[in-house]
Amino acid sequence: MPKTLYDKIWDAHLVHEDADGTALLYIDRHLVHEVTSPQAFEGLRMAGRKVRAPEKTIAVPDHNVPTTPDREHGIENEESRIQVEALDSNAREFGVHYYPVNDVRQGIVHIVGPEQGWTLPGMTVVCGDSHTATHGAFGALAHGIGTSEVEHVLATQTLIQKKSKNMKVEITGSLPPGVTAKDITLSVIGATGTAGGTGHVIEYCGQAIEELSMEGRMTVCNMAIEGGARAGLIAPDEKTFAYVKGRPHAPKGAQWEAALEWWKTLKSDEGAHWDKVVTLKAEDIAPVVTWGTSPEDVLPITDVVPDPESFSGGKVEAARRALDYMGLKAGTRLKDIEIDTVFIGSCTNGRIEDLRAAAEILKGRKIAVKRAMIVPGSGLVRAQAEEEGLAQIFIDAGFEWRLAGCSMCLAMNPDQLAPGERCAATSNRNFEGRQGRGGRTHLMSPAMAAAAAVTGRLTDIREMMAETA
Amino acid sequence: MEKFTTLTGVAAPMPLVNIDTDMIIPKQFLKTIQRSGLGKNLFDEMRYDDQGREIPDFVLNQPAYRNAKILIAGDNFGCGSSREHAPWALADFGIRAIISTSFADIFYNNCFKNGMLPIVLPQDQVDVLMEDARKGENARIAIDLESQTVTSADGHEFHFDIHPFTKHCLLNGLDDIGLTLEKVSTIDAFEKQASQARPWV
Ligand code: SF4
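Note that the protein sequences, when read in sequence, are chains A and B.
Per my numbering, the first sequence starts with residue 5, numbered consecutively.
Per my numbering, the second sequence starts with residue 94, numbered consecutively.
Just so you know, the hints here were simulated from the structure itself, not pulled from any lab data.
Remember, it's a predicted structure, so these values are computed and weren't measured experimentally.
Keep in mind that the hints are not guaranteed to be accurate.
What the hints assert, rightly or not - Which residues of chain A face chain B? A few of them, derived with a C-beta cut under 8 angstroms, are:
1. Pro310
2. Lys367
3. Gly368
What the hints assert, rightly or not - Cut-off 27 angstroms, straight-line C-alpha distance, at most; resulting in silico cross-link-like pairs (BS3-like, lysine-lysine):
4. B:Lys96 - B:Lys133
5. A:Lys54 - B:Lys276
6. A:Lys280 - A:Lys7
7. A:Lys166 - B:Lys260
8. A:Lys271 - A:Lys243
9. B:Lys285 - A:Lys54
Glycine residues also receive a C-beta, built at the ideal position from the N, C-alpha and C atoms.
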């Protein structure tokens with residue numbers, strides 16, 4: 005029977021299946037960060053259990069860490085410090101791979117995994133973090149789990165699962181200029197809703213997806229979870245193999261050849277069954293921004309703030325509440341919305357290509373906002389941006405150039421919005437209070453966020469590109 | 094894990110759609126290294142003002158709902174992050190069951206690991222229960238996991254689905270890890286075979 009890519013990875017990792025469909029799935033890579041793991045390690049300790057496969061377990065602190073240059077002197081906030089110290093000691097006690105705060109390879113867990121070659125095609129990858137979906141860009145089955153499941157994986161290297169349905173999201177044609185992976189992924193959520201993928205694993209395909217770089221593909225898969233899907237996947241191809249080759253933990257020599265042979269079979273078969281199919285034309289996708297407090301509240305930058313009454317059901321009340329929270333009036337042109345802060349970073353858009361896109365806009369320009377920061381996704385991304393001269397462009401434009409971490413994506417560290425402050429952000433969630441209590445978030449691509457920094461309002465990147473040309 | 098068999102109690106109505114995990118438990122409370130004690134910060138930013146005073150309008154601050162055991166919620170409850178702090182906070186407050194038309198996947202799974210029962214019902218049935226919930230202490234909703242039923246205050250019985258294995262674990266308060274470790278030889282065998290098939294992993 006023809007299989008989807010998801011079916012193939014599932015079958016290759018099935019340890020056991022009960023008659024009722026409850027399956028035990030083997031986990032190839034377990035990524036761990038400081039926020040969702042302390043209770044799991046504590047559980048192991050209390051039961052006298054060990055980590056079954058420490059060599060497949062990789063830990064890095066990212067959510068709580070300060071991103072200011074003085075962080076080598078330690079973390080000031082006591083609770084954050086305790087949490088990071090707990091990860092430190094758990095990693096050492098249980099013998100898992102570990103990148104401490106001051107290691108140059110430290111960064112956001114979903115950026116570090118691929119960068120170090122831990123994430124490979126055809127793997128199962130889990131982490132106590134919903135944006136584990138990012139790793140699906142390599143054709144790996146990757147998804148977030150809760151802390152009880154983290155403990156389960158630590159103890160058994162398996163996960164109890166029920167199989168999801170197969171959903172195909174196809175983006176036909178080529179993206180127009182100024183439109184990026186972020187616009188694809190936001191537009192898909194806009195079309196399907198935040199529950200559109202619930203119960204499914206999404207495979208993204210089509211010409212526009214094939215044409216994306218690995219960085220862009222990670223951006224697309226990162227937000228599969230915002231569309232409600234268990235995971236997002238993209239079939240591996242030559243670009244994937246080229247990205248992986250030579251990374252510290254990628255296979256070498258004869259093993260590389262053997263791996264490659266298998267990886268090349270990792271695609272959905274002709275005639276495979278899809279439970280749901282969504283098709284978007286790339287040429288119809290515009291640069292988008294969010295106007296509300298759910299990632300599905302997304303519109304082309306050329307549009308206006310919608311009228312809550314134009315929705316139906318429970319969404320009417322939700323949209324009213326969103327406009328109230330966001331301090332916006334229906335009918336306002338999105339391009340007229342003024343912003344205070346710009347945040348470029350996160351596991352959605354904190355990779356080198358994202359920084360290059362921002363630098364292209366910021367070169368020779370100055371910011372017109374109160375505060376703007378660039379937080380690279382890892383220490384290595386930071387080093388590369390410095391080498392390429394991007395850091396200097398950011399600093400000259402008036403941006404703060406930070407160390408790696410999650411930072412203002414969820415504001416668990418000191419990087420937070422003040423109540424009422426409005427932010428153009430390249431992260432993935434615009435929930436109430438996400439970037440700080442009362443803070444207002446508009447999600448967009450790195451180039452769009454850079455453009456907003458320059459004009460002080462939400463901006464159509466295509467107009468700025470015309471200016472530059 | 095605590096068993097779940099039956100539950101009868103007041104239900105709090107929360108008709109808002111897309112109630113996300115950041116609303117359920119904001120990130121500043123994720124810095125704990127324990128599971129307990131999160132109930133006081135459940136729905137923190139909706140429940141308290143900037144000075145930390147209760148907002149009287151918020152449903153769980155109203156006298157009728159302070160001891161609510163059930164939530165009746167809008168579509169797509171629990172969307173957002175994988176933080177198990179969300180079910181921990183609900184459980185710590187005293188909520189053991191949530192009824193909605195749909196749940197986000199990770200949240201849904203996390204509930205079962207904590208002896209909590211998320212129940213999916215069709216819109217018209219959720220509407221009936223939402224009306225019941227609005228009656229506060231005058232309406233009690235009863236849930237029976239064995240028979241997979243929810244009974245509204247005036248005796249309407251609604252059937253819900255649950256995966257048999259999940260039901261079995263919940264009814265008996267079984268710990269997943271213990272169950273899986275019974276299959277350790279199967280895992281060993283798989284690992285051996287997989288390390289030959291894919292030695293680079
Ligand atoms: S960058 Fe944001 S979304 Fe990504 S792992 Fe960190 S907090 Fe989560």
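Hints, one by one, checked against the model:
1. Pro310: Violated: closest Cβ of chain B sits about 16 angstroms from proline 310 (chain A), beyond 8 angstroms.
2. Lys367: violated (34 angstroms)
3. Gly368: violated (37 angstroms)
4. B:Lys96 - B:Lys133: holds (23 angstroms)
5. A:Lys54 - B:Lys276: holds (16 angstroms)
6. A:Lys280 - A:Lys7: holds (15 angstroms)
7. A:Lys166 - B:Lys260: Given pair lysine 166 (chain A), lysine 260 (chain B) holds - Cα atoms ~14 angstroms apart, limit 27 angstroms.
8. A:Lys271 - A:Lys243: holds (14 angstroms)
9. B:Lys285 - A:Lys54: holds (19 angstroms)
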